[in-house]
Structures are given as C-alpha cells and as structure tokens.
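Novice: So the chains spell out like this:
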Amino acid sequence: MEDQQRDDPRFIIAKHEALMGIALVIFNFLWWFGFAYGLGSKPVSEYSYILGLPSWFFYSCVVGLFVVIGLVFIMVKFFLKDVDFDGEHEG
Amino acid sequence: MKTAVVLTLIIFFVIIFIIGLYSGRMVNRSTSFVQEYFLGSRELGGFILAMTMAATYGSASSFLSGPGAAYQYGLAWVLLAMSQVATGYFVLLILGKKFAIMARKYKAVTLIDFLYARYQSKAVVVLASVSIIIFLFSAMLAQWIGGARLVESITGLSYTKALIIFAISVIMYVAIGGFRAVALTDAVQGTIMVIGTMILLVGALVAGGGMENIMGTLREENPNLLSPFGHDRNLSPMYISSFWILVGVGVVGLPQVAVRAMSYKNAKAMHRALLIGTIVVGVIMLGMHLIGVMARAIIPGIEVGDKVMPELAMTVLPHWLSGIVLTAPMAAIMSTVDSLLLLVASAVVKDLYLNFIKPDATEQTIKRWSITITAMIGVAVFLFALNPPNLIIWLNLFSFGGLEAVFIWPIVLGLYWKNGNKHGALASMVVGMVSYILFSTFYPNAFKMHTVVLPMMFSLFTYYIISKMTNKKLKESMK
Chain A
1 MEDQQRDDPR FIIAKHEALM GIALVIFNFL WWFGFAYGLG SKPVSEYSYI LGLPSWFFYS
61 CVVGLFVVIG LVFIMVKFFL KDVDFDGEHE G
Chain B
1 MKTAVVLTLI IFFVIIFIIG LYSGRMVNRS TSFVQEYFLG SRELGGFILA MTMAATYGSA
61 SSFLSGPGAA YQYGLAWVLL AMSQVATGYF VLLILGKKFA IMARKYKAVT LIDFLYARYQ
121 SKAVVVLASV SIIIFLFSAM LAQWIGGARL VESITGLSYT KALIIFAISV IMYVAIGGFR
181 AVALTDAVQG TIMVIGTMIL LVGALVAGGG MENIMGTLRE ENPNLLSPFG HDRNLSPMYI
241 SSFWILVGVG VVGLPQVAVR AMSYKNAKAM HRALLIGTIV VGVIMLGMHL IGVMARAIIP
301 GIEVGDKVMP ELAMTVLPHW LSGIVLTAPM AAIMSTVDSL LLLVASAVVK DLYLNFIKPD
361 ATEQTIKRWS ITITAMIGVA VFLFALNPPN LIIWLNLFSF GGLEAVFIWP IVLGLYWKNG
421 NKHGALASMV VGMVSYILFS TFYPNAFKMH TVVLPMMFSL FTYYIISKMT NKKLKESMK
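So the protein sequences, as listed, match chains A and B. For the first sequence, our numbering puts the final residue at 91, and the numbers step up evenly by one. For the second sequence, our numbering puts the final residue at 479, and the numbers step up evenly by one.
Straight-line Cα separation of at most 30 angstroms, DSSO-like style, residue types lysine-lysine; simulated pairs: (1) B:Lys2 with B:Lys307; (2) B:Lys122 with B:Lys367; (3) A:Lys15 with B:Lys107; (4) A:Lys42 with B:Lys448; (5) B:Lys265 with B:Lys107; (6) B:Lys122 with B:Lys475; (7) B:Lys268 with A:Lys77; (8) B:Lys105 with B:Lys122; (9) A:Lys15 with B:Lys473; (10) A:Lys15 with A:Lys77; (11) A:Lys15 with B:Lys475; (12) B:Lys472 with A:Lys15; (13) B:Lys268 with A:Lys81; (14) A:Lys81 with B:Lys265; (15) B:Lys265 with B:Lys105; (16) B:Lys265 with A:Lys77; (17) A:Lys81 with A:Lys15; (18) B:Lys122 with B:Lys468; (19) B:Lys107 with B:Lys358; (20) A:Lys81 with B:Lys418; (21) B:Lys105 with B:Lys475; (22) B:Lys105 with A:Lys81; (23) B:Lys418 with B:Lys268; (24) B:Lys122 with A:Lys15; (25) B:Lys107 with B:Lys367; (26) B:Lys265 with A:Lys15; (27) B:Lys107 with A:Lys81.
Quick caveat, the hints were computed from the structure, so don't treat them as lab data.
Whole structure, please, built from the sequences with the hints as guidance.
Specialist: This is the structure:
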C-alpha cells in the first residue's frame, strides 16, 4: 500500500503544495519579525508614523497582511494544481 | 437601548435555527447518515469551508479577551495576534490534498478514523478519543460560560436564564442538523464577525478623531503602548514569536480544525478557501485587536478585559448598529461551541461506540444514537456550566496547546512520512500531553517561550525515535 502511495502523481503535487505552505509561513514570519523589531526597537520618541500608525506596526502588521494575501492569491492562481480526490491515478 | 440589541440577537437566533432545520432535512434525505451528519457528505464549497475554519478557530478570545489584552499591552498584543494569520492558509496547505485523498481512500469520516486507518491500532483510537472528549469538553464548557455571560451582560437576564437560551439554541441546531448545520451557521456567523469588526473599526476611528489622534493620546499616556514590547516592556521578541507555534502553525494539530480539511468538495473549493480564509482571519485579527488598543484612548479606565469590546460598541455606535456588532462575539462563541459539540459527539458515537461496542449497528440505530448523544452532551455541558467544577476549568487550560502537542505529529507525519508507525504515534501522543501538563504546571514559559513549544518538540522527537527503533526491530525479527 505504501509503495502504491508513492507512485500516485497526486501525492507529489500534494507534497509540493505542503512545502509551499512552509515556505510561505517562513516568509510571513520573517517579514513580520523583521519590520516589527527592525523599526520598532528604537525609542518610541524616534518613531515615524504612516497613516497615524507607528511605521514598524504599519509595515509589519498592515502591509504584511496585504503582502501575504497577495502571495496566497498568486499561489492559488498560478501554482496550485487541480487534482481529482476520488479517482485512483489521475493527475 | 437594550431592545435594539435584544432584537438583533433574536433575529440572529432565528436565522441560525432555520439553517438547523434545513440541514436536518438534508440529513434525512442523505443516503449515508454518518457521512452526512459528521462530515456534511464532503460537499463544502470554498466560501463555506473558509468560513467554518475561520469561525471555528476564532472564539471568545478573538472578540473579548484578545481585544482586552490589546487594551492593556498596546500594539505589541496586536503584533502577537497577527501570528494567527498563518492559520488562514497553513492548515489547508499542509494537510491539503493529501489528507483529502487519504481520507477518501480510507473512507474516514472523523479525524480518528483517519488515524485508525493509518496506524491500525485500537490503542491510538482510544487515546485520541479520550483526549478529544476530555479536553474539548472542557474547552466547550469555558466558551459556553463566556456565551452565557455575554447574553447576561447585553440583555440583563440572569446567568441561568442566559445559559438556558444559549444551550437550547446550540443543542437544537447541532443535534438536528449535524455538520452541515454547523458549517452553514459558521458561514453566517463568520460573515457577522467580519462585518462587525469593520463597523466597529470605523466607529472607533471616528469616535477617536482619527488614528493620528488616537495614537497621540496613547503616546501621552504611556509611549510603550506604541512599542512592540508591551506597556511595561516585558514582552520579549522570543515570547511573542513563540505564539507562531501555538496559534499559527500548531493549529494543524487541533482536531476541530483538522477535521474540516477532509470535508471539502474538490481542489477548487480548497483553493478558494485558502484565499478567503486568509483574508477573513487577517481582517478579524488585525481589526479586533487594533480596536482593543484604540479603545484605550477612547474609553480609558476599564478594569475587566472582556468588557472592552462590548463597552466600546455601546459607546461609539448608534444603538441599532451596536446590536449587530455585539452579535459578533456571540457568533464567534457559538461557531466554536457548535463544532466542539459535534466533534465530542462523533468521538463518542463514531469512534468509540461504533468501533468497540457495536460495529454492526444499523443505520437507524446509529442515527438515533448520534442525535441523542449530541443532545445529551449538550445537556451535560449545560449542567456543568451552571456550577463549573474546578477540575474542568483546570483541564481547559491545557486544551489548546495540549491537543496540538497530542495530534500534530501523528497527523502530519502520518501523512508525509511512511516510516511513522503506531508505536511512534502512541508514544508521541502520551509524551506530548504529559509534558505539556507538567511544563504548564511546574515550569511555564520555559526559555521565555510559550509553554507549548517544548512539548511539541518532545513529541516530534519521540515520534521519530520510537518509529525508527520499532521499525528496525520489526525488520530484524523478520530476518
């Protein structure tokens, strides 16, 4: 049964997509962490503001959310593949 | 002013009830009761799938205690809450197509069916069912109490009366309509959550005289509220980052979320749900927590965190609008409770009763049992909620992280690592749970990280080592 699983081309697709998920979450984390502590670690009196929000927060949380939504959109549109869940060996 | 709120609540309950009745008819028409009742016949489309995942995950904490914490800590808590955006795409991408295909191949209806088929071990089934029943029952009870308190505070009814209203409405639609009712009501509740968040955000912006003004007020009060370190600069980057494990990636191991990853119709539904889910979770988490921070400038001096959001809604919005906004936390609580109720019922009926007590039960018997057990569990939660026992309150503290530490590796590695076996799975479940309880009790937040991080690493390690060791033994004995 295990060997049969490995041959199924759908599982290669599934594995690729799971790896994309890991890549995306790592990118998401780095963006979030980088802007938050990169810009936010200086004293509050030296903060600059965008749309009323401290710039670290604006880039990390607000822009970060839009960037991630954009990436999910691109992934869904161009990289994820349509597979049949019921049949045995269709791609 | 209470009449407006009560009126919207009544309309909300009526809509939910109608959906329950409609789903009940689908249950009666369905050819396989178990598939329909516990998994909605795997027919969820993208929108409903995204909404039911987001709404099941987003609970009282996203609308009441979360904004309350943001009110106290400032923007740092919004930063922390944003780690949850990952749940919008991560669970579906990781479990993804493989889980959907394997679940169909195994004809699995519950998460435990999947584990049983994958590991061929009754011990895994018992351990998994028992952890689901104990921990989700306690989690449900905590949410249930929160729901009743909310009804109590916005309608002025007594706690007991509020609890009765809450209990009757949840038990009715879940017991009659099963998974389809839960998913459809989740879609309505999720929509209310998003709309409520946006209305309140705009209301707070207007009442506070714009974001610049609000941030200025906070800076004058305490500049640290604007920093990523919290109001007393005590939230370390390490601590905040570790929430990516608890509420970001670890959510893959939550049974109530994972089971949804086997309920969708086709790959297109999954793709659409990825996008909608990310947007919905993102808007709710950013919006509600930012609202919590803004509330500090608009209505200072609130002592009880859970009251921040309701107080703000009643202060800044016209009455009829605050009614709609206040159904949002109600919707968040209900959409979590209904999924938990059904999941506990499925563990009792499908995983324990059908596997061990009566494997040859007829369709009619299963049906009667499922509906009765679901209702009975609901009644049991109600009775406990009247006078919550300390043990259950204590258990609830472990339910979130504990379940993640128990389930994440048996599910994920069971899908992607063919050498994983039942010994590894069993050992990692036990180690995950026991180490989580021990760490929380004796050494919480070890190395300045949330308690969940270490137990999760231990259970990964255990799964790997035990699987490797027992596979080797197996090979040797075959020689």
